[in-house]
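Modelling step: build the complete structure from the supplied sequences, incorporating the hints.
Number of protein chains: 2
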Amino acid sequence: MNKTKEKLAELGSSIIAGVKKGKQPRIEIPVRALSNVVYNEKTKTLELGNKTAERLFFNVGHTKKFVQTIEVAKVAKQLLDLEKHASLRDVFYMAKRTLPGTNINLVDEQTESDKAIEDLELITDFSREQLNINANKNGSVAGHVMIEDKGDTIDWSKLGSGGWSIPSNVEEIKFRKVDAKYIIYMEKAAVWERLHEDKFWDKYSCIIMSSQGQTTRGIRRLLQRLNQEHTLPVYVLADFDPYGFYIYSVLKFGSINLAHISERQALPEAKFLGITADDIEKYGLKKHFITLKDVDISRLKQIADYDWFKKNKLWQRQFKMMKDFGSKAEIQALSARGITFISDTYLPEKIKNKDWIE
Amino acid sequence: MNKTKEKLAELGSSIIAGVKKGKQPRIEIPVRALSNVVYNEKTKTLELGNKTAERLFFNVGHTKKFVQTIEVAKVAKQLLDLEKHASLRDVFYMAKRTLPGTNINLVDEQTESDKAIEDLELITDFSREQLNINANKNGSVAGHVMIEDKGDTIDWSKLGSGGWSIPSNVEEIKFRKVDAKYIIYMEKAAVWERLHEDKFWDKYSCIIMSSQGQTTRGIRRLLQRLNQEHTLPVYVLADFDPYGFYIYSVLKFGSINLAHISERQALPEAKFLGITADDIEKYGLKKHFITLKDVDISRLKQIADYDWFKKNKLWQRQFKMMKDFGSKAEIQALSARGITFISDTYLPEKIKNKDWIE
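Protein chains in written order, with the working numbering: chain A, 1191 to 1548; chain B, 1191 to 1548.
A couple of the hints might just be wrong.
For chains that are exact copies, the list does not tell them apart, and a pair is met inside one copy or across any two.
Each computed PhoX-like pair below joins lysine-lysine, with the alpha-carbon atoms no more than 20 Å apart [as the list claims (entries may be wrong)]:
hint	residue 1	residue 2
1	Lys1476	Lys1193
2	Lys1348	Lys1364
3	Lys1367	Lys1348
4	Lys1340	Lys1393
5	Lys1274	Lys1389
6	Lys1389	Lys1340
7	Lys1340	Lys1274
8	Lys1241	Lys1461
9	Lys1393	Lys1274
Derived by calculation from the structure, the hints in this document are not laboratory data. None of the values given here were measured: they were computed from a predicted structure.
Dropping the structure here:
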């Protein structure tokens, strides 16, 4: 925590020192644009390239962004001093004010403060969670895991039908006991409830984690910490759907938007556990096909063109089969085979046979 | 649980008995349409009227729906026998199959099985949660409450920064100890994290509960059970926004769609804690106004016309003020006054002064 405050203080001091020497205030920031995003074959994650840009105070095109960046740095410093966390929306309101003697607002839209916060991540090399700025909260987790958080000891195996609610910020959680062989992450809370009711995590000694809708940064970071600190493989259970593939892609390689913090978010060893084109044949899911829409087809094309999928024959085969089928299929289609088919047969078979795609 | 199974068995037996007597299979179902939705001034909830319709097997317009209703009854019976729960999507796949010797599917779209399930709720007078069919899972809760669920004892005050993740089905939860004076429900998970970090529930002896996005049936039912079984008032903390008012309206009175289970969902005593038009003056939030869009204005008009708001002068005043402002404002705008302003000042003042709208 102290390192974060130090870094922010340093940023302030360096600007003041410059001003005292009669130099104009400036900040150097790596360029965050597709043109500066590189796929690192070695680490298998998206990374920012070397291009940087200077933000100058005495440049009418830069002034506003310069001031916004300094302002969110001030807000982050306040939060760290108070030992409080704020959401992106809170930070927007905390930064929003009219400059005295003018009718100019420091920020008018949240996108402006959001961008300034992303810049601050780049400048300080700390994630916004470390700057006490939180993303959205979402998701549940269960398994034989004991954690310590805010002075409480929490047993993820003793939380009834609900499970532990994943916070937006998991940086300060301490893992006390992790008794699991792997993690299954699924995008659908309903599938999580299925596996949870069947005590899948207990029978197969694993952790089950889900979001509802988008995978939040809190979830990604929790998966990553368990993967790195406890060498647990992460299996992604998603639909046979361009959107399911996209969820996997973002989890594994990072996103273009957040390439600057890939190292704090990506899971280069994540495996796609299904649904695959082969599952559709094997488990007779063709009768539950859903026709691809135009938006699906264009997303599929886009994903197939990603650098990190381009040379991957296994994935290109999946993409081609989906295109040929002209159809997608959902995890829940397995329920047609019986409500516990996924827990009793599908997942145990897939995992036993290492039937995943990387 | 046994009562639910009995009721489903009864439904089956009565149809078979009719067939054996040479009568055509038929089910009587209350009409679910706005024309049969009544606002009950006494219970202050939306209710279904007395109109019923017959669904006949030998009527080409009815046959499919008749068979679908019986099919989901079969699925519910299976789930109850297995002591397993399924999501709406699961039930769709469990009911989906092609009738032998034809190319007709029993259901083609989830909306069909969803409607059949709602009909089954009406026919059996059990909620779909009692039929072991779950809605979506969402939301978190914290407070000095001990519950028992699936053999686990869970203390809502000892779950770190995450809280307890609310399951989709809360019918079988047992409250062991409830040490709280009221419940604050908020639509935004970020606001929940704010109050949770400030230990608001501990300082003011209350329960804090949130969703992210829509209020799920699990959340509504949990609020209702705490309200009814432990006489806890429920305060709704939402934006000064037609959508915030709508969230309150649905929580308090029930929704037109689900009027048939209002008694299991509505919270006729819920109070709107803010943000109100008066808060905007009092706490200087005008500078954080957001201009109403066309969709906001038409939603506001629609809400103002609801039977249950029409004669309510306090609410009509709020609606008028919003229209005159031409603007809305968010809870998080309070953060401009300091990150803990909501916990330290706003909420304590509002609650102390009983400054809410009913």
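How the hints compare with the structure:
1. In this homomeric assembly, Lys1476 and Lys1193 never come within 20 Å of each other (Cα to Cα): the closest approach is 55 Å inside a single copy and 38 Å across copies.
2. Taking the shortest Cα distances, Lys1348 and Lys1364 sit within 20 Å of each other both inside one copy (18 Å) and across copies (15 Å).
3. Both within a single protomer and between protomers do Lys1367 and Lys1348 lie at most 20 Å apart by alpha-carbon distance, with minima of 14 Å and 17 Å respectively.
4. When the C-alpha separation of Lys1340 and Lys1393 is checked against a cutoff of 20 Å, the pair qualifies only between copies, where the shortest distance is 16 Å, while the shortest distance within a copy is 30 Å.
5. Taking the shortest alpha-carbon separations for Lys1274 and Lys1389, only the inter-copy value of 12 Å comes in at or below 20 Å, while the best intra-copy value is 36 Å.
6. Taking the shortest Cα distances, Lys1389 and Lys1340 sit within 20 Å of each other only across copies (11 Å), while inside one copy they are farther apart (28 Å).
7. Taking the shortest Cα distances, Lys1340 and Lys1274 sit within 20 Å of each other inside one copy (13 Å), while across copies they are farther apart (35 Å).
8. For the identical chains of this complex, Lys1241 and Lys1461 are neighbours neither inside a copy (32 Å) nor across copies (54 Å), given an alpha-carbon limit of 20 Å.
9. Taking the shortest Cα distances, Lys1393 and Lys1274 sit within 20 Å of each other only across copies (17 Å), while inside one copy they are farther apart (39 Å).
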